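Engineer: Full structure from sequences and hints, please.
Same order as they appear, the protein sequences are chains P and B.
Heads up, the first sequence is in my numbering, so the first residue is 1 and it goes up one at a time.
Heads up, the second sequence is in my numbering, so the first residue is 1 and it goes up one at a time.
FYI, nobody ran anything at the bench for these hints, they're computed from the structure.
Quantities reported herein were computed from a predicted structural model and do not represent experimental measurements.
A few of these clues could be false.
Said to hold, decoys possible - Computed spacing ranges between beta-carbons, pair by pair:
hint, chain 1, residue 1, chain 2, residue 2, range
1, B, Trp354, P, Pro497, 56 to 62 Å
2, B, Leu167, P, Gln200, 53 to 59 Å
3, B, Phe123, P, Leu205, 48 to 54 Å
4, P, Gly572, B, Thr264, 53 to 59 Å
5, P, Pro53, B, Pro371, 48 to 54 Å
6, B, His94, P, Pro156, 37 to 43 Å
7, B, Pro371, P, Leu208, 24 to 30 Å
8, B, Pro371, P, Ser591, 31 to 37 Å
9, B, Gly341, P, Ala197, 49 to 55 Å
10, P, Ser591, B, Trp354, 30 to 36 Å
Claimed, not checked - Once the Cα atoms are required to be at most 25 Å apart in a straight line, the calculated BS3-like pairs of lysine-lysine come out as:
hint, chain 1, residue 1, chain 2, residue 2
11, B, Lys285, B, Lys351
12, B, Lys144, P, Lys159
13, P, Lys159, B, Lys351
14, P, Lys159, P, Lys303
All C-beta atoms in this analysis are idealised placements derived from N, C-alpha and C, irrespective of residue type, glycine included.
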Amino acid sequence: MSLLDALLLTALGTLIATLATVRTRWVGYVASLGLGLQLLVLFLLAPLGYGAPAVTSGLAWDLFGQPLVLRYDAMSWYFALITLGAGLVSSVYATGAWSDHYRAAGRSPGWLQFALALNVFTMLLLLASGDFLSLFIAWELVSWASFLLMALAAGPALKWSLRYITYATAGAMSMLAALGIVFHLTGSLNYADFMAAVDQWSVGLITLLTVLFGAGFAVKMGILPFHLWQAGAYAETPGPGMAFLGAISSRMGLYGMMLVWVQLIGLIRLIEVHIPLTFLSLRDVLMWIAAFTIILPTYTALKQNDARRLLAWHGIGQGGYMLMGILSASALGSAGGILHIFNYATNQAVLLLAVFAVVYRTGTADLNKLGGLFTRMPLTFVAMLVGIIGLAGIPPMNGFVSKWMVYRSLLSEGMPLLFVASVIGTLGTILSVYKLIHNTFLGQLRLEHEPVQEAPWSMVIPMMVLALIIFLTGFMPGIVLDWVAAVQAAVGLPVLPHTLGGVADAHGGLDMIMLVLVLFAGFGVSALLFYATGRSEPVHQLDNYAGGHFLSADVRYHYSDHFYAGLMHRIGHWYRGSFLWFESVVASLASFLAQWSATFYRLMQPALPMLAMAVIVLWMVS
Amino acid sequence: MNLIALVVALPLLGAFLLPVGARSVGWVGRLLGPALLLLTSLVVIVLWRDSGGVPSHIELGGFQPPLGITFYLDQLALVFALATSLLALLLWPHAAWRDARVAALMLLMVSAASGMALSGDLFNLYVFYELVSVASFGLVAAPKTGAALAATLRYVIISGMGTVMALTGIALIYTQTGTLNLAHLTLLSATTLDNTLGLTAFVLILLGIGVKAELFPVNIWVPEVYATASQRVSALLAGLISKLAIIVIIRLLVLLFPQPEALTLLLVIGALGVLLGELAAWHAKDFERMLAFSSIGQLGLVLMAFSIPGQAGLFAGLAVAMHHLIVKPALFVLAERWSGGFAGLAGAGWKSPWAAGLFILFALSLIGVPPLPGFWAKLMTLLGLLGQDNWIYWTGAGIILLATVFEANYLFRFGLGLFKAGSESRSAKVPVHDAGSLGPSLILGAVLLIATVMITPVGNWLAGVADQLADRELYVTTVLGAGRELP
Numbered sequence: 001m002s003l004l005d006a007l008l009l010t011a012l013g014t015l016i017a018t019l020a021t022v023r024t025r026w027v028g029y030v031a032s033l034g035l036g037l038q039l040l041v042l043f044l045l046a047p048l049g050y051g052a053p054a055v056t057s058g059l060a061w062d063l064f065g066q067p068l069v070l071r072y073d074a075m076s077w078y079f080a081l082i083t084l085g086a087g088l089v090s091s092v093y094a095t096g097a098w099s100d101h102y103r104a105a106g107r108s109p110g111w112l113q114f115a116l117a118l119n120v121f122t123m124l125l126l127l128a129s130g131d132f133l134s135l136f137i138a139w140e141l142v143s144w145a146s147f148l149l150m151a152l153a154a155g156p157a158l159k160w161s162l163r164y165i166t167y168a169t170a171g172a173m174s175m176l177a178a179l180g181i182v183f184h185l186t187g188s189l190n191y192a193d194f195m196a197a198v199d200q201w202s203v204g205l206i207t208l209l210t211v212l213f214g215a216g217f218a219v220k221m222g223i224l225p226f227h228l229w230q231a232g233a234y235a236e237t238p239g240p241g242m243a244f245l246g247a248i249s250s251r252m253g254l255y256g257m258m259l260v261w262v263q264l265i266g267l268i269r270l271i272e273v274h275i276p277l278t279f280l281s282l283r284d285v286l287m288w289i290a291a292f293t294i295i296l297p298t299y300t301a302l303k304q305n306d307a308r309r310l311l312a313w314h315g316i317g318q319g320g321y322m323l324m325g326i327l328s329a330s331a332l333g334s335a336g337g338i339l340h341i342f343n344y345a346t347n348q349a350v351l352l353l354a355v356f357a358v359v360y361r362t363g364t365a366d367l368n369k370l371g372g373l374f375t376r377m378p379l380t381f382v383a384m385l386v387g388i389i390g391l392a393g394i395p396p397m398n399g400f401v402s403k404w405m406v407y408r409s410l411l412s413e414g415m416p417l418l419f420v421a422s423v424i425g426t427l428g429t430i431l432s433v434y435k436l437i438h439n440t441f442l443g444q445l446r447l448e449h450e451p452v453q454e455a456p457w458s459m460v461i462p463m464m465v466l467a468l469i470i471f472l473t474g475f476m477p478g479i480v481l482d483w484v485a486a487v488q489a490a491v492g493l494p495v496l497p498h499t500l501g502g503v504a505d506a507h508g509g510l511d512m513i514m515l516v517l518v519l520f521a522g523f524g525v526s527a528l529l530f531y532a533t534g535r536s537e538p539v540h541q542l543d544n545y546a547g548g549h550f551l552s553a554d555v556r557y558h559y560s561d562h563f564y565a566g567l568m569h570r571i572g573h574w575y576r577g578s579f580l581w582f583e584s585v586v587a588s589l590a591s592f593l594a595q596w597s598a599t600f601y602r603l604m605q606p607a608l609p610m611l612a613m614a615v616i617v618l619w620m621v622s
Numbered sequence: 001m002n003l004i005a006l007v008v009a010l011p012l013l014g015a016f017l018l019p020v021g022a023r024s025v026g027w028v029g030r031l032l033g034p035a036l037l038l039l040t041s042l043v044v045i046v047l048w049r050d051s052g053g054v055p056s057h058i059e060l061g062g063f064q065p066p067l068g069i070t071f072y073l074d075q076l077a078l079v080f081a082l083a084t085s086l087l088a089l090l091l092w093p094h095a096a097w098r099d100a101r102v103a104a105l106m107l108l109m110v111s112a113a114s115g116m117a118l119s120g121d122l123f124n125l126y127v128f129y130e131l132v133s134v135a136s137f138g139l140v141a142a143p144k145t146g147a148a149l150a151a152t153l154r155y156v157i158i159s160g161m162g163t164v165m166a167l168t169g170i171a172l173i174y175t176q177t178g179t180l181n182l183a184h185l186t187l188l189s190a191t192t193l194d195n196t197l198g199l200t201a202f203v204l205i206l207l208g209i210g211v212k213a214e215l216f217p218v219n220i221w222v223p224e225v226y227a228t229a230s231q232r233v234s235a236l237l238a239g240l241i242s243k244l245a246i247i248v249i250i251r252l253l254v255l256l257f258p259q260p261e262a263l264t265l266l267l268v269i270g271a272l273g274v275l276l277g278e279l280a281a282w283h284a285k286d287f288e289r290m291l292a293f294s295s296i297g298q299l300g301l302v303l304m305a306f307s308i309p310g311q312a313g314l315f316a317g318l319a320v321a322m323h324h325l326i327v328k329p330a331l332f333v334l335a336e337r338w339s340g341g342f343a344g345l346a347g348a349g350w351k352s353p354w355a356a357g358l359f360i361l362f363a364l365s366l367i368g369v370p371p372l373p374g375f376w377a378k379l380m381t382l383l384g385l386l387g388q389d390n391w392i393y394w395t396g397a398g399i400i401l402l403a404t405v406f407e408a409n410y411l412f413r414f415g416l417g418l419f420k421a422g423s424e425s426r427s428a429k430v431p432v433h434d435a436g437s438l439g440p441s442l443i444l445g446a447v448l449l450i451a452t453v454m455i456t457p458v459g460n461w462l463a464g465v466a467d468q469l470a471d472r473e474l475y476v477t478t479v480l481g482a483g484r485e486l487p
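Structural biologist: Here it is in structure tokens:
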């Protein structure tokens with residue numbers, strides 16, 4: 001029995017233990033303990049993260065002559081670390097005060113914990129898949145596990161989870177077609193046989209397989225044009241569940257793309273595929289899709305007035321950075337893309353946990369009904385501040401490092417247009433995260449929120465831990481870059497030379513330790529100036545005046561709605577809802593065909609078509 | 001071995017005695033049917049154990065083939081004879097036992113269905129097929145509502161046309177060969193049926209028997225009948241009788257018609273069935289019609305699986321057919337309490353969580369979510385279709401994949417709708433499932449889960465059954481004795 005078996009069995013055990021205690025009050029502790037144990041076993045597997053050879057499970061078995069292989073390599077370990085980290089944080093958050101609140105609303109925290117444990121288990125299984133059949137099986141399990149998590153809340157969540165599962169089934173069927181073609185061509189579903197055969201295949205075949213596999217993964221990632229389900233489905237998921245989904249669940253699609261596009265097919269083949277009538281290669285097309293995935297959803301996020309939706313739309317956009325970085329195929333760019341998976345997971349998790357802490361205390365995530373909570377929930381404010389600095393890609397947080405690496409590689413690889421596209425995306429991010437923190441924490445406090453207190457410790461501690469990780473991995477990105485380099489080596493990308501402080505490069509590397517120290521020295525000087533020379537007098541938050549007039553607390557002057565009016569005046573008419581329109585066209589077409597099919601079964605003269613059919617068939621055979 | 005005749009004879013006898021007996025002694029009507037079915041199931045199990053998986057045959061009345069009435073007992077025939085008895089037992093209309101006529105018709109249908117599974121010549125096959133039809137007319141019309149009678153009339157007309165076609169096909173075969181014994185026909189088929197006339201005969205039989213197998217386009221009767229008949233009867237027709245009809249068609253195809261065009265025809269008809277069935281199911285607005293259209297789609301899938309050349313196709317086809325045999329009756333039984341439009345069922349899942357859980361289990365398997373058996377059946381079918389170097393087969397695979405998306409959507413639109421917050425006054429009217437109404441579905445669900453765990457032995461056994469089905473030599477030597485080699 002290998003450590004991998006131990007990991008999978010612990011995950012299965014957690015699942016069973018959670019199910020056994022699903023109706024009790026300690027289900028949260030059971031689930032958190034189980035996830036903690038899994039993380040511990042994963043730490044025992046840590047050599048994988050530094051490039052040790054892959055570990056194979058002893059649990060492999062044959063099904064209809066097809067061996068199912070389970071194995072972990074550096075990439076599996078890296079994704080598993082983020083999965084278990086996000087799972088543990090969400091599970092702890094969902095235990096204690098939050099679960100009492102959830103139970104009081106008539107919901108079952110037990111099933112939420114079970115769904116979380118199920119998601120973690122299926123994802124660990126997916127990361128272990130060592131052939132196409134186990135990949136597909138685990139992929140379907142992951143899809144349906146996240147469907148369960150999304151549908152748990154009932155109400156409007158039912159509609160969105162149905163939309164998700166429809167998209168996900170379409171994606172899975174596309175993968176199944178690819179799997180069938182691979183089986184037809186190689187006679188097996190092994191990765192090794194695939195890699196051996198891929199050299200002889202024609203350009204058309206490689207394009208077909210890239211697209212068919214990619215469509216399946218793209219649905220999960222929310223890559224354009226398959227992104228319409230994601231924001232709504234995530235936003236309706238109960239708090240910690242959404243934090244987990246937002247942080248890592250979508251990235252399983254990226255795992256699939258890295259596995260199939262990068263490791264098995266090889267980026268070099270995608271670069272060689274030339275799209276007729278254009279000057280683009282298949283890789284360029286995919287990168288442009290990634291660029292649009294950055295821009296369009298990010299600017300859709302800008303218009304959201306619900307904090308959950310704002311962040312969910314962002315999640316779609318950030319996936320584009322990761323994909324773009326990895327597709328750039330350079331050591332720096334791909335390291336940036338892979339690093340961004342970790343960084344973004346921490347940022348998104350802390351932001352969502354902070355938002356749900358606010359929801360816990362105020363009962364709403366509506367950005368027009370909040371404001372001024374800074375003094376009421378200072379720790380949550382700090383957590384969100386750290387999160388938005390990271391998400392916007394500003395030093396000293398970790399998001400800066402990965403975005404810098406992606407930008408830098410786009411410039412040095414000679415892709416200035418893509419660089420511009422990603423900068424436009426980042427602009428949208430900065431604008432919308434500012435809207436988020438401003439409308440929630442800054443500005444005027446609403447009267448009804450005056451008694452609001454800081455979130456309970458069971459929720460604050462996970463946020464603080466995440467905030468600390470965000471800062472630490474921004475200060476010393478080398479910790480994560482070690483794992484990233486091992487992932488690069490495992491999938492056959494060039495490996496990035498790095499130091500503890502960042503990137504080692506003769507033409508201008510990045511040393512975050514130096515940068516952060518300088519930054520903090522600057523902060524220190526300003527603080528000194530502020531406290532030494534300035535005089536400040538603390539007043540009550542509701543005691544305000546403007547233009548010489550007192551403003552009483554019942555007058556609303558917190559500017560929140562239609563937040564970027566000036567910008568929207570310029571770009572507002574570019575929002576067309578084209579994807580929604582296209583989706584409705586497909587649905588209408590299907591509906592028309594369905595109606596027609598149903599009509600066939602309502603014919604008044606059933607015998608006539610039957611006779612006609614008989615005549616036609618007989619005429620055809622004779 | 002001659003014990004097998006009891007499987008046909010006992011229910012037939014019961015069907016005639018039951019109305020008389022029930023008039024004089026009350027409990028006869030209640031107990032005779034289930035007791036007989038239990039007995040016939042035991043008979044089949046004993047025979048199966050004794051046969052050790054080796055096919056055998058019997059001649060009724062002692063006439064040597066090809067003259068006498070022949071029953072051919074391979075694993076496929078036995079498993080369907082057993083499934084007939086067990087499923088009828090499981091779906092026995094206890095609620096309607098006072099009406100001895102329903103029970104009598106059920107027994108008649110069981111008898112004829114077993115006969116169809118076992119029969120070794122075309123003539124008896126036709127007779128049993130007709131008996132099944134007649135019994136099903138009565139069962140379908142039993143609710144005596146206007147809608148049920150109208151649906152039955154439609155069903156009778158189409159069945160009648162089908163009968164004429166099948167009979168014409170059989171007559172064509174007889175004029176060509178002068179025999180109706182299947183083993184004998186197998187010997188002669190290479191010289192006499194491998195031509196246009198043979199293919200014509202196949203097409204006529206396919207469309208004729210295809211009426212019961214819910215094949216496009218002779219399945220126009222299906223939705224109305226399933227929506228108006230009692231759910232248990234629909235369960236039997238959709239689950240069992242349709243599969244029997246397909247198995248008969250496939251046996252004839254394997255033994256008599258080697259033409260590749262026949263397979264292409266199966267593929268095209270199957271694909272149209274899948275496409276129209278699943279689309280119409282997506283459009284359906286009530287539970288029974290949704291199940292009826294879904295059943296049309298699934299039978300199209302069975303046909304497409306059988307259209308794959310060679311043993312792989314028979315294996316995939318049997319897998320899909322057996323899977324549907326378990327799943328669809330269970331779903332129809334759930335519809336007993338949940339009949340009618342979707343809107344009226346909002347919130348029903350909260351009141352009957354077990355029923356909702358079972359629905360979701362069966363829906364997942366129908367869609368083909370691993371590791372449930374439905375996934376393996378669909379996977380085998382798709383790998384088989386994509387394994388052919390032929391664009392028609394690839395198109396067929398594409399249609400299955402597309403239809404699965406619709407399938408997932410409508411099944412889960414319904415499944416999630418069960419958990420919608422309905423209005424109070426409405427959801428108070430939704431009937432709650434109890435142990436009695438859940439029983440058959442629970443048992444079938446357990447079977448499905450056991451098959452999930454034991455998927456490798458089940459798969460290997462099914463492959464063995466498919467091997468026997470594919471072995472024409474074995475059929476001929478078993479029935480006619482050694483030395484009669486295929487040309």
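Engineer: The structure should be examined with respect to each hint, and the outcome stated for every one.
Structural biologist: Here is what the structure says about each hint:
no.	hint	result
1	B:Trp354 x P:Pro497: 56 to 62 Å	60 Å, holds
2	B:Leu167 x P:Gln200: 53 to 59 Å	55 Å, holds
3	B:Phe123 x P:Leu205: 48 to 54 Å	52 Å, holds
4	P:Gly572 x B:Thr264: 53 to 59 Å	56 Å, holds
5	P:Pro53 x B:Pro371: 48 to 54 Å	29 Å, violated
6	B:His94 x P:Pro156: 37 to 43 Å	42 Å, holds
7	B:Pro371 x P:Leu208: 24 to 30 Å	28 Å, holds
8	B:Pro371 x P:Ser591: 31 to 37 Å	33 Å, holds
9	B:Gly341 x P:Ala197: 49 to 55 Å	52 Å, holds
10	P:Ser591 x B:Trp354: 30 to 36 Å	33 Å, holds
11	B:Lys285 x B:Lys351	21 Å, holds
12	B:Lys144 x P:Lys159	39 Å, violated
13	P:Lys159 x B:Lys351	20 Å, holds
14	P:Lys159 x P:Lys303	22 Å, holds
When the structure is compared with the earlier hints, violations turn up for hints 5 and 12 and for no others.
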